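Q: Take a look at the letters that make up each chain.
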Amino acid sequence: DQQVKQNSPSLSVQEGRISILNCDYTNSMFDYFLWYKKYPAEGPTFLISISSIKDKNEDGRFTVFLNKSAKHLSLHIVPSQPGDSAVYFCAASAPRGDDKIIFGKGTRLHILP
Amino acid sequence: DTGVSQDPRHKITKRGQNVTFRCDPISEHNRLYWYRQTLGQGPEFLTYFQNEAQLEKSRLLSDRFSAERPKGSFSTLEIQRTEQGDSAMYLCASIPGFSFSGANVLTFGAGSRLTVL
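The listed protein sequences correspond, in order, to chains A and B. Under our numbering, the first residue of the first sequence carries the number 1, and numbering increases by one thereafter. Under our numbering, the first residue of the second sequence carries the number 114, and numbering increases by one thereafter.
Calculated directly from the structure, the hints in this document are not laboratory data. All values derive from a computational prediction rather than experimental measurement. Each residue gets a CB set at the ideal place from its N, CA and C atoms; glycine is no exception. There may be inaccurate statements among the hints.
[Stated by the list, open to error] Think about it this way: if two alpha-carbon atoms lie no more than 25 Å apart in a straight line, the pair counts; the simulated DSS-like pairs of lysine-lysine are:
#  : chain 1 : residue 1 : chain 2 : residue 2
1  : A       : K54       : A       : K5
2  : B       : K184      : A       : K105
3  : A       : K56       : A       : K100
4  : A       : K5        : B       : K184
5  : A       : K5        : A       : K56
6  : B       : K124      : A       : K105
7  : B       : K127      : A       : K5
8  : A       : K56       : A       : K71
9  : A       : K68       : A       : K105
10 : B       : K127      : A       : K100
[Said to hold, decoys possible] If the Cβ cut is set under 8 Å, some of the chain A residues that face chain B in the computed set are:
#  : residue
11 : Y39
12 : P40
13 : E42
14 : S49
15 : V78
16 : D99
17 : G104
18 : K105
[As the list claims (entries may be wrong)] Partner residues aside, some chain A positions facing chain B, computed with beta carbon under 8 Å:
#  : residue
19 : L34
20 : F46
21 : G60
22 : A70
23 : F89
24 : K100
25 : I101
26 : F103
27 : G106
Working from the sequences, and respecting the hints, build out all of it.
A: This is how it looks when you write it as structure tokens:
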């Protein structure tokens with residue numbers, strides 16, 4: 001049973017435009033959400049996170065939006081740059097007592113010139 | 114601080130052989146995690162340590178898998194009698210503190226890729 005779902009395996013976006021990556025989750029106990037980025041032959045690297053008490057968090061070109069009622073979050077990248085081409089993983093964690101992060105399957109983002 | 118180090122980066126072995134992976138976390142990170150990633154999937158939790166204590170193991174971790182963190186620093190993941198289904202990227206990650214929040218995020222190593230022939 002996938003608790004964190006990324007339903008789009010891949011996404012292509014023109015350079016300079018907005019990239020929107022989506023993620024849905026099923027476990028209402030999740031209280032912290034993260035996005036990781038992965039290049040080939042490297043481990044995932046942390047990008048941005050959001051606590052369940054917030055609905056938006058922004059860091060430079062990256063903004064994460066959380067809609068708790070819909071159990072949905074999204075990552076916006078504006079403007080998209082060639083170096084943003086990578087696999088993006090949505091992840092979530094539950095409060096103490098379930099001390100692990102659950103990852104989605106990832107979305108491969110292609111930034112087109 | 115050089116981050117999380119994993120060795121070897123790539124291991125090719127024949128079915129039935131034993132393999133061992135090593136992870137050196139960021140120094141003084143209390144928690145160390147092992148994940149496995151197969152093609153088209155996200156990282157899947159295997160096990161984690163708080164200092165030297167192994168606190169949780171996933172059902173994915175069959176009896177052929179064993180992990181240790183003897184002195185609360187580096188960790189090893191051993192797979193005995195490897196099977197072709199064990200082929201995957203094995204990722205190690207560490208975190209300071211005891212919960213995921215704010216600046217406490219998992220920092221991953223580059224991974225150890227296992228190919229079982």
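Q: Decide, hint by hint, whether the structure agrees.
A: Each hint, compared with the structure:
no.: 1; hint: K54(A) with K5(A); in the structure: holds, 20 Å
no.: 2; hint: K184(B) with K105(A); in the structure: violated, 33 Å
no.: 3; hint: K56(A) with K100(A); in the structure: holds, 23 Å
no.: 4; hint: K5(A) with K184(B); in the structure: violated, 37 Å
no.: 5; hint: K5(A) with K56(A); in the structure: holds, 20 Å
no.: 6; hint: K124(B) with K105(A); in the structure: holds, 24 Å
no.: 7; hint: K127(B) with K5(A); in the structure: violated, 34 Å
no.: 8; hint: K56(A) with K71(A); in the structure: holds, 14 Å
no.: 9; hint: K68(A) with K105(A); in the structure: holds, 20 Å
no.: 10; hint: K127(B) with K100(A); in the structure: violated, 32 Å
no.: 11; hint: Y39; in the structure: violated, 10 Å
no.: 12; hint: P40; in the structure: violated, 11 Å
no.: 13; hint: E42; in the structure: holds, 5 Å
no.: 14; hint: S49; in the structure: holds, 7 Å
no.: 15; hint: V78; in the structure: violated, 23 Å
no.: 16; hint: D99; in the structure: holds, 7 Å
no.: 17; hint: G104; in the structure: holds, 5 Å
no.: 18; hint: K105; in the structure: holds, 5 Å
no.: 19; hint: L34; in the structure: holds, 6 Å
no.: 20; hint: F46; in the structure: holds, 4 Å
no.: 21; hint: G60; in the structure: violated, 17 Å
no.: 22; hint: A70; in the structure: violated, 21 Å
no.: 23; hint: F89; in the structure: holds, 5 Å
no.: 24; hint: K100; in the structure: holds, 5 Å
no.: 25; hint: I101; in the structure: holds, 6 Å
no.: 26; hint: F103; in the structure: holds, 3 Å
no.: 27; hint: G106; in the structure: holds, 5 Å
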